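2 protein chains.
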Amino acid sequence: MDFADFFPVWDKLKDNERDKLTAYAKERRFPKGSVLHGGSSECTGLMLIRSGQIRAYTTSPEGKEITLYRLFERDICLFSASCIMNSIQFDVTLAAEKDAEVTVIPSEVYKSVMNSSAPLANFTSEVMASRFSEVMWLVEQIMWKSFDSRLAAFLSEEANIEGSNTLKITHEVIGNHLGSPREVVTRMLKYFADEGIVRLARGAIEITDGTRLRAIAE
Amino acid sequence: MDFADFFPVWDKLKDNERDKLTAYAKERRFPKGSVLHGGSSECTGLMLIRSGQIRAYTTSPEGKEITLYRLFERDICLFSASCIMNSIQFDVTLAAEKDAEVTVIPSEVYKSVMNSSAPLANFTSEVMASRFSEVMWLVEQIMWKSFDSRLAAFLSEEANIEGSNTLKITHEVIGNHLGSPREVVTRMLKYFADEGIVRLARGAIEITDGTRLRAIAE
Numbered sequence: 000m001d002f003a004d005f006f007p008v009w010d011k012l013k014d015n016e017r018d019k020l021t022a023y024a025k026e027r028r029f030p031k032g033s034v035l036h037g038g039s040s041e042c043t044g045l046m047l048i049r050s051g052q053i054r055a056y057t058t059s060p061e062g063k064e065i066t067l068y069r070l071f072e073r074d075i076c077l078f079s080a081s082c083i084m085n086s087i088q089f090d091v092t093l094a095a096e097k098d099a100e101v102t103v104i105p106s107e108v109y110k111s112v113m114n115s116s117a118p119l120a121n122f123t124s125e126v127m128a129s130r131f132s133e134v135m136w137l138v139e140q141i142m143w144k145s146f147d148s149r150l151a152a153f154l155s156e157e158a159n160i161e162g163s164n165t166l167k168i169t170h171e172v173i174g175n176h177l178g179s180p181r182e183v184v185t186r187m188l189k190y191f192a193d194e195g196i197v198r199l200a201r202g203a204i205e206i207t208d209g210t211r212l213r214a215i216a217e
Numbered sequence: 000m001d002f003a004d005f006f007p008v009w010d011k012l013k014d015n016e017r018d019k020l021t022a023y024a025k026e027r028r029f030p031k032g033s034v035l036h037g038g039s040s041e042c043t044g045l046m047l048i049r050s051g052q053i054r055a056y057t058t059s060p061e062g063k064e065i066t067l068y069r070l071f072e073r074d075i076c077l078f079s080a081s082c083i084m085n086s087i088q089f090d091v092t093l094a095a096e097k098d099a100e101v102t103v104i105p106s107e108v109y110k111s112v113m114n115s116s117a118p119l120a121n122f123t124s125e126v127m128a129s130r131f132s133e134v135m136w137l138v139e140q141i142m143w144k145s146f147d148s149r150l151a152a153f154l155s156e157e158a159n160i161e162g163s164n165t166l167k168i169t170h171e172v173i174g175n176h177l178g179s180p181r182e183v184v185t186r187m188l189k190y191f192a193d194e195g196i197v198r199l200a201r202g203a204i205e206i207t208d209g210t211r212l213r214a215i216a217e
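Chains as they are written, first to last, in numbering that gives the first Met the number 0: chain A, 0 to 217; chain B, 0 to 217.
Chain A extracted, bound-state conformation (with noise of 0.2 Å):
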């Protein structure tokens, strides 16, 4: 994977700034798990997502936590690099929830081509824009969505990621991705059972009937 796959600006810049974009960026390997970045102590850089899959979340004083937005592949991490902008006032973790390969470039690197290139200042505005989007779709569900409808459009997107109706997740970590408590998710789960929408297997939900879930979700 190429800059250019990254930076849809790529041939509008100039050939310094592509050289010093490239010239500092480096590689590096995240295991599921672990942490990319916690919080606004650090402005470790923008991260190009070259594969894996990193989840973006908030946590309560308490540490509950609730799943903001996910990053795929070809996706870049802005905030990672909150620094650089003054205006970013929130703290947002990034977690890797599979083996991720990232490329970092340093937050002062980026931030002083963005500052004299109106391509790549523009494009870094359209990925802030759309990260806002998907808060936005956020605030949207959690104050007009019913828990149900939540947990089901949760669990069809968790079986499109990974193209199986058998979801390797346990209700805990459920919980962590709506913001709600872990009885809160099995009480529904069991609620979907009964009603034969899912299976429930010891660190397994298997989806048995897909349409209806979607009905729920919509």
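None of these hints come from the bench; they were simulated from the model.
Here the structure is a predicted model, which means the values were calculated and not measured.
Where a beta carbon is used, it is the ideal one built from N, C-alpha and C, also for glycine.
Check before you lean on any hint, since a few could be wrong.
Covered stretches of chain A (in silico footprint by chain B; criterion: 3 or more residues with CB under 8 Å from a CB of chain B, positions within the stretch not fixed) [unchecked claim]:
(1) 55–62
(2) 85–96
(3) 122–133
Start from chain A and add chain B according to the hints.
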């Protein structure tokens, strides 16, 4: 108020860029209660708030509302020009909470300058990052705070904005700010009244113990 009061990067723009932004700008007035921008269908333009108070909110399919953030004098409203970025995939409604005087820069004019000017593009990113931070604050409030705490924070903020401990606001309007049914607001206000924190009158709420109110908000 001058354009330089809104754009800290004004002196970094070229003469022709400054001329373009000012030449096409139009003054508009929005009386209290009017909608400046409604959803994605319109792309009115970037709005510079010269005076007044603007509320940005999102609505459910059933017409329920929740306030995302508010804009005051010297603020810039970006989402009334959401078509300047392809990746803004959500709808925000903007309404005047107080009579407002606004300078509107047409979206295509702003976009054309932003496309060539790195300073303006980076400044636009900062404006978006500010709004993003406010929405992230909202997510954390909704997810981790109890309703009494959110209501107390709202009343404290209102008293702060109005410079008065007597707020002329209905329970329904408060509900629309917080995304909660009127009855839930009324019940909690009655609890606050029983505790001696507020005094309730027809169409008005008087804060009688601001210290305790702020303590509940924390």
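Okay, the hints, checked on the actual structure:
Requiring three or more residues with a Cβ within less than 8 Å of a Cβ of chain B, the coverage given for the region 55–62 of chain A holds, as 4 such residues are present. As drawn, the region 85–96 of chain A meets chain B at 5 residues by the rule of a beta-carbon pair under 8 Å; at three or more, the given contact holds. Restraint check on the region 122–133 of chain A versus chain B: 10 residues with Cβ-Cβ distances below 8 Å, three needed, restraint holds.
Comparing the model with each numbered hint stated earlier shows that all of them hold.
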